[in-house]
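The task is simple: from the sequences and hints, build the whole structure.
Number of protein chains: 4
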Amino acid sequence: RRSRTSGISAKLDIRGIYPPITTPFNHNEQVDYNKLEENLNKYSKVPFRGFVVQGSNGEYVYLTSEERIEVVKSVSKSVAKDKLVIAGSGCESSIATIHTTERMAEAGAHAVLVVTPSYYRGRMDNRALIQHYTQVANASPVPVILYSVPGNTGLDLQVEAAVTLAQHPNIVGLKDSGGDITRIALIIHKTQKEDFHVLAGSAGFLLAAYSVGAVGGVCALANVLGTQVCQLEQLCISGQWEKAKDLQYRLIEPNTAVTRQMGIAGLKQAMDWFGYHGGKCRSPLCPLSELEAKQLNSIFTSNGWLSHF
Amino acid sequence: RRSRTSGISAKLDIRGIYPPITTPFNHNEQVDYNKLEENLNKYSKVPFRGFVVQGSNGEYVYLTSEERIEVVKSVSKSVAKDKLVIAGSGCESSIATIHTTERMAEAGAHAVLVVTPSYYRGRMDNRALIQHYTQVANASPVPVILYSVPGNTGLDLQVEAAVTLAQHPNIVGLKDSGGDITRIALIIHKTQKEDFHVLAGSAGFLLAAYSVGAVGGVCALANVLGTQVCQLEQLCISGQWEKAKDLQYRLIEPNTAVTRQMGIAGLKQAMDWFGYHGGKCRSPLCPLSELEAKQLNSIFTSNGWLSHF
Amino acid sequence: RRSRTSGISAKLDIRGIYPPITTPFNHNEQVDYNKLEENLNKYSKVPFRGFVVQGSNGEYVYLTSEERIEVVKSVSKSVAKDKLVIAGSGCESSIATIHTTERMAEAGAHAVLVVTPSYYRGRMDNRALIQHYTQVANASPVPVILYSVPGNTGLDLQVEAAVTLAQHPNIVGLKDSGGDITRIALIIHKTQKEDFHVLAGSAGFLLAAYSVGAVGGVCALANVLGTQVCQLEQLCISGQWEKAKDLQYRLIEPNTAVTRQMGIAGLKQAMDWFGYHGGKCRSPLCPLSELEAKQLNSIFTSNGWLSHF
Amino acid sequence: RRSRTSGISAKLDIRGIYPPITTPFNHNEQVDYNKLEENLNKYSKVPFRGFVVQGSNGEYVYLTSEERIEVVKSVSKSVAKDKLVIAGSGCESSIATIHTTERMAEAGAHAVLVVTPSYYRGRMDNRALIQHYTQVANASPVPVILYSVPGNTGLDLQVEAAVTLAQHPNIVGLKDSGGDITRIALIIHKTQKEDFHVLAGSAGFLLAAYSVGAVGGVCALANVLGTQVCQLEQLCISGQWEKAKDLQYRLIEPNTAVTRQMGIAGLKQAMDWFGYHGGKCRSPLCPLSELEAKQLNSIFTSNGWLSHF
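Protein chains in written order, with our numbering: chain A, 1 to 309; chain B, 1 to 309; chain C, 1 to 309; chain D, 1 to 309.
Hints are computed from structural coordinates only; laboratory data are not their basis. A virtual CB, placed ideally from N, CA and C, is assigned to each residue, including glycine. Mixed in with the good hints, there may be bad ones.
To be verified - In silico DSS-like pairs for lysine-lysine, Cα to Cα no more than 25 Å straight-line: (1) C:Lys243 with B:Lys190; (2) D:Lys243 with A:Lys243; (3) D:Lys243 with A:Lys190; (4) C:Lys190 with B:Lys294; (5) B:Lys193 with C:Lys243; (6) A:Lys193 with D:Lys243; (7) D:Lys190 with A:Lys243; (8) B:Lys243 with C:Lys190; (9) D:Lys193 with A:Lys243; (10) B:Lys243 with C:Lys193; (11) D:Lys81 with D:Lys35; (12) C:Lys77 with C:Lys35; (13) A:Lys294 with D:Lys190.
Stated by the list, open to error - Sample of chain D residues at the chain A side, in silico, Cβ under 8 Å: (14) Ile181; (15) Thr182; (16) His189; (17) Phe205; (18) Ser211; (19) Gln248; (20) Ile252.
Quick look at the structure:
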């Protein structure tokens, strides 16, 4: 098993770009591990910092407990040693999240990404979430990254909770997919004294996030345009803001299309066009309609990423 | 194993009141099957039509796949033969929902209650949900009840989808917890030609739901004030609307308190006061604060259900 | 000038059905007072309790201060003496609301309907709204009816505020257009000791509102199907709930169409079909598209209110 | 009367920082023109590009039609000739907006800021809003700036509508107060060929907005910390992003406090502390509670803008 940075003694450096990889299925809706490996092989040429396995785009809520572990194992074996493997281990209960976290670490994950529980969102106040994340971070053999994705959970991890949790020695960062840039800046501001990093949860506001102090991104679009998202990262890091801006502009519409607008079905469709294995989602996620596929193609074309049919 | 009404040949009659029973845990957060049985024994004196196991109040999202089946088995063994056991079998994916449904039927459930998948709610349009429920209903050995609970899922099963699905021979009804009475009336109106029934998902609008044609309720409050909720049912059925109204009034605040306001922690606290086993929730659901407990008690007291301390 | 019930000594009886009348405009978008009078003449055969002038359907936010008064004057002159004229006098500021209220009373209004101010909704908490309504009710020469219409204002007058305000001697009721039947029942329950009445703000939940103790309705649909809405009222009052239910069912879709779905443009289009002067709205409200008009017609037809083209 | 840039021949350059000035009232809630002038005199030392009169912070919805014009006249007379006066002229109807716009131009406004009508938000689709703004821009003697402020209106001017309207020769820009940075970047991207500029509607995301191509801001906080907001502008323009970031950080909490959190009452309270005339708001806006005032003070103190009491 690959060595792992301890989550306790020194905080893991999570800076960089990660694709939240999708899970390929075969025609029976079973996980296709070969296709998964082939995708990872292609990604190996892109200067990603690592891979997020079972972020929202991994259809993790559609995988069984066993599949979740198997997929992480598979990724862990396939990728180069210098790549970080961050595994989504969030479940609704604290107990299941801890259990999954432990198994993810055994399976080779260097860190875990823990989404806010949300089914009882009316009661998921700061008290509940701080308790949840503290229990998980206490128990986790690997560093924990908080994950706020209100588009899916209907819940935003509050600034106060994030700031409190940032002080935990085993909590190293936050993936924020909400895109409220004021909030992102405030969290960074108020955690500056901690060893705590914020990753933009989308390519749509990656430049803006860098401009206020974020240090990376977990971007669905990086599954399709990985090189370009990493270019944007480099332009931001090196202070070439004008060039960054022009590149950022061209990524927004494709990004929105494969996230908020058409979701994972759109992302997988675009992956197919760009030489990766996208394929179908598990039901009830439906494939794109013909009209949607046309619109998606047009969005990639008009921004210069695809040639006309 | 107890006999089961076939879901195919004739539609199951689901009319009546059901408590969506809670899951008692011991001090280690493990399911306490003895306490569960004791609660069911006490409920046997209340004229319930049956029991909903693993509605939202059963903390089903906090149970493992195995625990979900075990709890249904346990309930199935404990309750009288004339009581319906309706088991929540909803999962995010169609495949897991079908699998769970089959196991719930084997475990003794007479019908299943299938919550709308919601994590990818931006894509859970009518097409996706009709596909999902059709697949599940096709495969299910027992009748299927649709379940819309926007307070937890952030998603309302659309009228059009409900009306289409009502035509499926193995879909017998809808539990609507949203409480939009106009919508409830419209669904009933548009499914009058089908053998399809609507159950109010809360005691807060039970009378109003009856007034527009609902035929029962799955009411969290029935875990605490079961006799009274069944009285309200009888008053509605027998057309004693004035008396019904006066009883309805006194149930609203306690109901809101143990649902929207304080959630399952509030419900379990009230159960403890009324001689049932409530106890703690699984983490991250926190127990009531002292102030909340006081407020809850005051709400039951001011409506005449508890004496002053 | 017509005599007025004092708002101070005895509370005005507001029970019954009211159309929130629309404002007819000529081709220059100017108020057409002749058409307004003709509509009122036709309405004189319907057993309405009175008329709401400048509810949301009156396009009051599109009228100048002067026009608002003139329209009330005109209505006041046109209608029979036994009909109540309730004038919408709500403005954003307390001072303007008071001023408009006084002028509405002079113009012949028997009561005023005061919408919650909402532009600064983040600060329109109970403190602000109780202060606002108290100032207005103190100053008003006629009784005040609270008006909560979250569909337009994005703000629901809280139960606590409504209950507190119900104790004011010059506040006689609430028009609730939100349609949350649990909330409506709770407000009625908690104001039973006051001389305070709740009117349903829509024909969509009129029966349900009666079932929990409402005493009337201000229903957009009554501009089109006034007789039928009054029939529904009578069926509810006389306890003929089954017949009421069947009539209620047939009103829901037309009601939704002329309110939430197509708004005032839909309402005015339907009025044209039923022999009233509907006509165009002021800009920026657009007329229905051809497709929408067709859908609207089909909704009235399928519910048995219009014959096929 | 001061000369005005024609809105037709060449587009007005609106780049820079503007305070959306507040309206001082005396103890009778009447506009205090002397205090208004004194505020403007103090602001004359700050390198603002100009002043927004009757943005949301000007309590414009609480002013009569006459007061709205008088305040603009007063400001127009008080400020230096090189300062732009941008007057909020938005009303709910197109006809009233046009009328107000004409009078604002006569009163000395160099441009008008036109908020999206919102009361009938269910029908304020792209068709309606494009029609509205086109009519207003056609009629306006001065350039028009679009104004989207979903926090108050519950409505976001859609990207498609903004992009279409940007082509109008008399529409020069957009004030976006929603703060969705992805959306802001996309609008800028899609209007690059137009002479169209975007202003950030808040100091909370000013740096981020500059990073994606915005050219200025209309910032409530500039009423209090005008010099600092202009410093932030300069740091962004000159590419000193690190320094900009540090300054931006310290502005977020005070900004949130005087906008979303405590509103105009908070803004006016802070103005009092910083030597301006803040004072009370018109009712129903309430003054801060003592606790709120303390919290507000603490926020300014902890960010280094006020010394401890």
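**Asked** Between Lys77 (chain C) and Lys35 (chain C), does the CA-CA distance stay at or below 25 Å?
**Response** Judged against 25 Å, a Cα distance of about 14 Å means the pair holds.
**Prompt:** Quick one, are Lys243 (chain D) and Lys190 (chain A) close enough, alpha carbons at most 25 Å?
**Reply:** Judged against 25 Å, a Cα distance of about 17 Å means the pair holds.
**Request:** Decide if the proposed pair is consistent with the structure: Lys243 (chain D) and Lys243 (chain A), CA atoms, cutoff 25 Å inclusive.
**Result:** Holds: Lys243 (chain D) and Lys243 (chain A) sit about 20 Å apart, inside 25 Å.
**Request:** Would you mind confirming whether the straight-line C-alpha gap from Lys243 (chain C) to Lys190 (chain B) stays at or under 25 Å?
**Result:** 17 Å, holds
**Item:** Restraint satisfaction for Thr182 (chain D) [CB to CB of chain A, less than 8 Å]
**Value:** Result: holds, 4 Å to nearest chain A Cβ.
**Asked** Per the CB criterion, is His189 (chain D) less than 8 Å away from chain A?
**Response** 4 Å, holds
**Request:** So, Ser211 (chain D) near chain A? Judge it on the closest CB pair being under 8 Å.
**Result:** Holds, because the Cβ-Cβ distance from Ser211 (chain D) to chain A comes to roughly 4 Å (cut-off 8 Å).
**Asked** Holds or violated: is there a CB of chain A closer than 8 Å to the CB of Ile181 (chain D)?
**Response** It holds, given that the least Cβ distance between Ile181 (chain D) and chain A is near 4 Å, below 8 Å.
**25 Å limit on alpha-carbon distance, applied to hinted pair Lys190 (chain C) and Lys294 (chain B)** = 20 Å, holds
**Item:** Status of the Gln248 (chain D) interface restraint (C-beta, 8 Å, chain A)
**Value:** 6 Å, holds
**Message:** Lys294 (chain A) and Lys190 (chain D) were given as a pair; does the straight-line alpha-carbon distance stay at or below 25 Å?
**Reply:** 20 Å, holds
**Asked** Are the Cα positions of Lys243 (chain B) and Lys193 (chain C) separated by 25 Å at most?
**Response** 18 Å, holds
Comparing the model with each earlier hint shows no violations; every hint is respected.
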